[in-house]
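Quick mapping for you: the protein sequence lines, in order, are chains A and B. Take 1 as the starting number for the first sequence in our numbering and just add one per residue. Take 1001 as the starting number for the second sequence in our numbering and just add one per residue.
No lab work stands behind these hints, which were simulated from the structure alone. Since this is a predicted model, take the numbers as computed values, not measurements. Hints may be right or wrong, so weigh each one.
[Stated by the list, open to error] Over the 10 Å line for every Cβ pair with chain A, so calculated as not near, a few chain B residues:
hint, residue
1, ALA1002
2, PRO1008
3, ILE1012
4, ARG1015
5, GLY1016
6, GLN1017
7, VAL1019
8, PHE1045
9, PHE1060
10, PRO1061
11, THR1101
[Stated by the list, open to error] Beyond 10 Å from chain B on every Cβ pair, some chain A residues (computed):
hint, residue
12, GLN57
13, VAL80
14, THR99
15, VAL108
16, ASN109
[What the hints assert, rightly or not] Derived CB-CB ranges, DEER-like:
hint, chain 1, residue 1, chain 2, residue 2, range
17, A, LYS41, B, ASN1056, 22 to 28 Å
18, A, PRO110, B, PRO1061, 15 to 21 Å
19, A, GLU5, B, GLN1017, 21 to 27 Å
20, A, PRO110, B, LEU1083, 38 to 44 Å
21, B, GLY1084, A, LYS41, 20 to 26 Å
22, A, MET13, B, GLU1082, 22 to 28 Å
23, A, ASP66, B, VAL1111, 44 to 50 Å
24, B, PRO1061, A, GLU15, 42 to 48 Å
25, B, THR1014, A, PRO110, 40 to 46 Å
26, B, THR1020, A, PHE10, 33 to 39 Å
27, B, GLY1084, A, MET62, 35 to 41 Å
We put the CB at the ideal spot given by N, CA and C, even for glycine.
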Amino acid sequence: ELKVEQNPLFLSMQEGKNYTIYCNYSTTSDRLYWYRQDPGKSLESLFVLLSNGAVKQEGRLMASLDTKARLSTLHITAAVHDLSATYFCAVQPSGSRLTFGEGTQLTVNP
Amino acid sequence: KAGVTQTPRYLIKTRGQQVTLSCSPISGHRSVSWYQQTPGQGLQFLFEYFSETQRNKGNFPGRFSGRQFSNSRSEMNVSTLELGDSALYLCASSFWGWGYTFGSGTRLTVV
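Working from the sequences, and respecting the hints, build out all of it.
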């Protein structure tokens, strides 16, 4: 059974600081996704990573994928309050459905 | 273009009743997936439909069922509701079965 683990599950950081969220998964997967969810809202797609070594950046967020290590990271640079949300990674083996991690609840304090 | 539309947004039902949730995918998308989100269990996969055929099914009891119509719209039905069915139900659509866009969800409360 595919397992997806995120850490940390809770992250409180100050504005202007950098931090990384980690996503480990247990079996080979074709695709890895990062989503953002605000309280009471739906999931907003951030990144789709398709191959080993893939790196994508959008604003203060950068995601990378190491398929050999079965690890993806979401790096936050110079955090701002607007980034406060819950971040989920999800993996999708070939022909299968998304399996989500537990989510990382990020709070950025002024 | 219009996103994924889920109706209703909020629903309150009594134990033992049944409920039907609707999802209209992005125009042209043929794959629709359903997920249940609860604080305790997180995001759990219910089922996926592609061109009216169920392609994958999660580990939920038979009370949970779904279908997809020829226009790709999908419905999910839960019969004999239990308190534990209270959750946010999310629908996601995609063209080929990857690159999913999620709807706003239906928040179901069972009392």
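To see whether the hints hold, each was checked on the structure:
1. Interface exclusion of ALA1002(B) from chain A stands, the closest Cβ pair being 15 Å apart, more than 10 Å.
2. With a closest Cβ-Cβ approach of about 15 Å to chain A, PRO1008(B) is found to remain outside the 10 Å limit, as its non-interface label requires.
3. At the 10 Å boundary, the C-beta of ILE1012(B) stays outside the reach of chain A, the nearest C-beta of that chain being 16 Å off.
4. At the 10 Å boundary, the C-beta of ARG1015(B) stays outside the reach of chain A, the nearest C-beta of that chain being 24 Å off.
5. Consistency note on GLY1016(B): stated as away from chain A, and its beta-carbon is indeed over 10 Å from all of that chain's, at 27 Å minimum.
6. Listed as outside the interface, GLN1017(B) is consistent with that label: its C-beta sits roughly 24 Å from the nearest C-beta of chain A, beyond the 10 Å cut-off.
7. Against the 10 Å criterion, VAL1019(B) stays outside the reach of chain A, whose nearest CB is about 19 Å from its own CB.
8. The beta carbon of PHE1045(B) sits about 5 Å from the closest Cβ of chain A, which is not more than 10 Å, so the claim that it is off the interface is violated.
9. Here PHE1060(B) stays apart from chain A, with its beta-carbon at least about 13 Å from theirs, past the 10 Å limit.
10. Interface exclusion of PRO1061(B) from chain A stands, the closest Cβ pair being 18 Å apart, more than 10 Å.
11. Distance check for THR1101(B) against chain A: the nearest CB is about 7 Å away, which does not clear 10 Å, and the non-interface claim fails.
12. Remark: the non-interface label on GLN57(A) is consistent with the geometry, its nearest Cβ contact in chain B lying 18 Å away (cut-off 10 Å).
13. Listed as outside the interface, VAL80(A) is consistent with that label: its C-beta sits roughly 24 Å from the nearest C-beta of chain B, beyond the 10 Å cut-off.
14. The beta carbon of THR99(A) is not kept farther than 10 Å from every beta carbon of chain B, the shortest such distance being approximately 7 Å.
15. Every C-beta of chain B lies more than 10 Å from that of VAL108(A), the closest at about 22 Å, which supports listing it as non-interface.
16. Even its closest Cβ contact with chain B, about 23 Å, leaves ASN109(A) beyond 10 Å, as expected for a residue assigned away from the interface.
17. At roughly 25 Å, the beta carbons of LYS41(A) and ASN1056(B) sit within the given window of 22 to 28 Å.
18. Distance hint for PRO110(A) and PRO1061(B): a CB-CB separation of about 46 Å, inconsistent with the stated range 15 to 21 Å.
19. The given range of 21 to 27 Å is broken by GLU5(A) and GLN1017(B), whose C-beta atoms sit roughly 37 Å from each other.
20. Evaluation of the 38 to 44 Å hint for PRO110(A) and LEU1083(B) yields a pass: the beta carbon distance comes to about 39 Å.
21. With their beta carbons about 23 Å apart, GLY1084(B) and LYS41(A) fall inside the hinted range of 20 to 26 Å.
22. For MET13(A) paired with GLU1082(B), a C-beta distance near 39 Å fails the hint of 22 to 28 Å.
23. For the pair ASP66(A) and VAL1111(B), the supplied restraint of 44 to 50 Å holds, since their beta-carbon distance comes to about 46 Å.
24. For the hinted restraint 42 to 48 Å between PRO1061(B) and GLU15(A), the CB-CB distance of approximately 46 Å keeps it satisfied.
25. For the pair THR1014(B) and PRO110(A), the supplied restraint of 40 to 46 Å holds, since their beta-carbon distance comes to about 44 Å.
26. At about 36 Å, the CB distance of THR1020(B) to PHE10(A) agrees with the hint of 33 to 39 Å.
27. Against the hinted window of 35 to 41 Å, the Cβ-Cβ separation of GLY1084(B) and MET62(A) comes to about 38 Å, which satisfies the hint.
In terms of the numbered hints stated before, the structure departs from hints 8, 11, 14, 18, 19, 22, listed from lowest to highest.
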